Amino acid sequence: MNVLIIEDEKALAQELEIFLTNYNYICEVCFDGASASEKIATNLYDFILIDLGLPDYDGLDLLREAKKMDTEAAFIILTARAEITDRIKGLDLGADDYLPKPFSLLELQSRMQAIIRRKFGVKNNIIELGGFLIDLTNRTISYYNSVVNTITKKEFDLIAYLILHKNRTLTRMQLSEHIWGSVINNDYDSNYIDAHIKNIRKKLNAFAPPDWLETVRGLGYKIKINA
Amino acid sequence: MRLRTKLTLFNAISKLVIVILFVLLVPVLIRNISSNYVDSKLIKQKNKLLQIVKSRGIETYIENGEGYGSYLPLKEEYISLEDVDPDYFSDTIKLGKRSFSEGDTLEYRILSHTFKVKNKNYLLEIGKSVDTLDETSTPLQNIAFQVLLGMILLTILADQFYSNYVLKPLRLIIKTKLVGQKFPNFHSYRKVRTTTTDFEYLDISIHKMMETIADKFHKEREFISNASHELMTPISILQSKIENMFEEEDINDELKVRLLEMQKILNRLKSITKTLLLISQIENEQFLKEDKVSVTDLLQDVYDEISIRLQEKNISYDISVPDNWNFVNINKFLLFNLFFNLINNAIKYNREGGHINITGTAGHDNFMISIADNGIGIDANAMPFIFNRFKKFRQSLQQDSFGLGLPIVKSIAAFHDIEIEVVSEKDAGSTFKLILPATLVVIA
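If you're matching them up, the sequences are chains A and B in order. If you use numbering that gives the first Met the number 0, the first sequence corresponds to residues 0 to 226, in order. If you use numbering that gives the first Met the number 0, the second sequence corresponds to residues 0 to 443, in order.
Source of the hints: derived by calculation from the structure; they are not laboratory data. A quick note: this is a predicted structure, and the numbers were derived from the prediction, not measured. Yeah, the Cβ is synthetic: ideal placement off N, Cα and C, and Gly gets one too. Be careful, since some hints might not be right.
As the list claims (entries may be wrong) - No more than 27 Å apart at the CA atoms, straight line, and that leaves these computed lysine-lysine pairs for DSSO-like:
1. B:LYS240 to A:LYS152
2. B:LYS331 to B:LYS288
3. B:LYS255 to B:LYS273
4. A:LYS153 to B:LYS331
5. B:LYS240 to A:LYS223
What the hints assert, rightly or not - What follows is a list of derived Cβ distance ranges for each label pair:
6. B:THR438 to A:ASP210: 51 to 61 Å
7. B:GLU289 to A:SER109: 21 to 31 Å
8. A:ARG138 to B:ILE318: 24 to 34 Å
9. A:SER109 to B:ASN283: 28 to 38 Å
10. A:ASN144 to B:THR360: 44 to 54 Å
11. A:SER109 to B:GLU253: 46 to 56 Å
Modelling step: build the complete structure from the supplied sequences, incorporating the hints.
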């Protein structure tokens, strides 16, 4: 997958590149709108990550321009301008998603995966873990012939996020940001993640011990999947 | 009491006091005036009589040394002339009593004057009854009182009318500039027309002060908005760097724990910045109020988000809001956060095994939703400040709060014209009552 990162903050562009390269994306970076416009005109990308606050361009103009070139790329707007109107405008202009800064890189990857699933109509997205079948598209878990129907929406979100970032330790912070991201929270207490994990384990244990859901002492949680 | 009323009252009372004083003084004044008048009349009569004596001789009145006396039938006036001892001298006007042969004793104002004719000394007395003087003063007093009362009523009316007219600009200033002004959204300046320079000055001063306040307020909001926006990018860079470092192969677990600490602190900075930005966006009215959602659905959404916290503390949670209540003209995201923060507080400042009751009651022209807990309550001293930013009074068990929960609640409530009433008793619990205007709820 080819990704064009348009971000004038060099330090952030660099981190985006490192992160996405680790996830096997092929990245190109632009620091201004003019060179980005040129690159979009000549190359084909699957993803274009676009910062709205560019020194020489209004990001929305660049988006409009790129859309005219009939590109197949998926656009994700990254911005520190969390204005509601910008969000609506961006999505109206055909952006596929909108991530207000500051965002977690894991969240970005999760949104990109969601776009891929949507664009390519991935139907069979079932992961097998220690006898459990986890269907990410239909959001169900089953153990052989029985459906595990006690798992709540939040609990499934946690499992799905850990699977998406498999073999990587996710901190409680990253997990709570994912499942409570929309709540403007007065506190930054992420201990409730532990309670959720405890519940998930208890519910799955009724069928089989979910050893694949690991606690990484002092850091967080991880789901190990051997490729 | 209003200025106009005070002025009118003062005018009326002061005038009444003056009139009463005057009316009380009338008898004294009249006595004074009439005695002067009587005296001058007596002197005139004396002069006339002396004139007659001079031209026609003393014999006109006195023959054979017999004294002359004359009075009116009712004895209101009398004149007497007699010869007296050559050494006797008198020239006075004073009050005195005289008795007549019939036995009457009357009080007179008496002029006594001695004069000499042909080596003989004569005493002339002219008297005027005092009773006739006193009789005039009572009717005069009455008339004076009536006339003055009439005049007073007239002046009070005039005063009332004039003060009404002259104070009109002041009333306008109060009505249009002060009453019903919603801080900080002042109306644009419209000059109040007046010829009174004091009011002109007052008007322009109030306007300038409001302009300054509005300007400062606007600048503060702009600053918070800009500052939080500007902080977003550096926070984003730091967050990305920490996240990437986490995956570096040569970072051992000890370093990872420290990175996690950094992430926690960064998260705190992020939450504060995001919250401040949210508050400034609400205050700048950047949200739409076009959503419609069932009250119980919204509360259920909050419950879904928060159930893990209730479960952790073993708190029972009871919603008794009519199923047919629907929020309209609201922002769902904001109201969700309002309830989330209130219920989250009710959990945070609660005890193990406590309970939370959410009750909806319809009022006369409004709706009330109250969130009651039986937790640790709020100290009475802290009560006036609980909605202030960054104030933390209730020491929660976990120190992970930064005191912006209730300020968010307050901003969201104000944005929707929702009133909040808080009742709390230390160690017994708190109740947050949301009073919603009828425009926000429909029953369907």
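Taking the hints in turn, this is what the structure says about them:
1. At roughly 30 Å between alpha-carbon atoms, LYS240 (chain B) and LYS152 (chain A) are farther apart than 27 Å, so this suggested pair is violated.
2. Of the supplied pair hints, the one linking LYS331 (chain B) and LYS288 (chain B) holds, its CA atoms being roughly 8 Å apart against a limit of 27 Å.
3. Under the criterion of a C-alpha separation no larger than 27 Å, the hint pairing LYS255 (chain B) with LYS273 (chain B) is consistent with the structure, at around 26 Å.
4. Of the supplied pair hints, the one linking LYS153 (chain A) and LYS331 (chain B) holds, its CA atoms being roughly 20 Å apart against a limit of 27 Å.
5. In summary, the hint linking LYS240 (chain B) to LYS223 (chain A) is supported, as the alpha carbons are separated by about 24 Å, within the 27 Å threshold.
6. Separation of THR438 (chain B) from ASP210 (chain A) is about 56 Å and conforms to the stated range, judged on CB atoms against 51 to 61 Å.
7. Roughly 29 Å separates the CB atoms of GLU289 (chain B) and SER109 (chain A), a value that falls within the hinted 21 to 31 Å.
8. For ARG138 (chain A) and ILE318 (chain B), the Cβ-Cβ distance of about 26 Å falls inside the hinted range of 24 to 34 Å, so the restraint holds.
9. Our hint of 28 to 38 Å for SER109 (chain A) and ASN283 (chain B) holds, since their Cβ atoms are close to 31 Å apart.
10. Distance hint check for ASN144 (chain A) and THR360 (chain B): the Cβ-Cβ separation is about 50 Å, which falls inside the suggested range of 44 to 54 Å.
11. The hinted range of 46 to 56 Å is not satisfied by SER109 (chain A) and GLU253 (chain B), whose Cβ atoms lie roughly 29 Å apart.
Violated hints, listed in ascending order, are 1, 11; each of the other numbered hints is respected by the structure.
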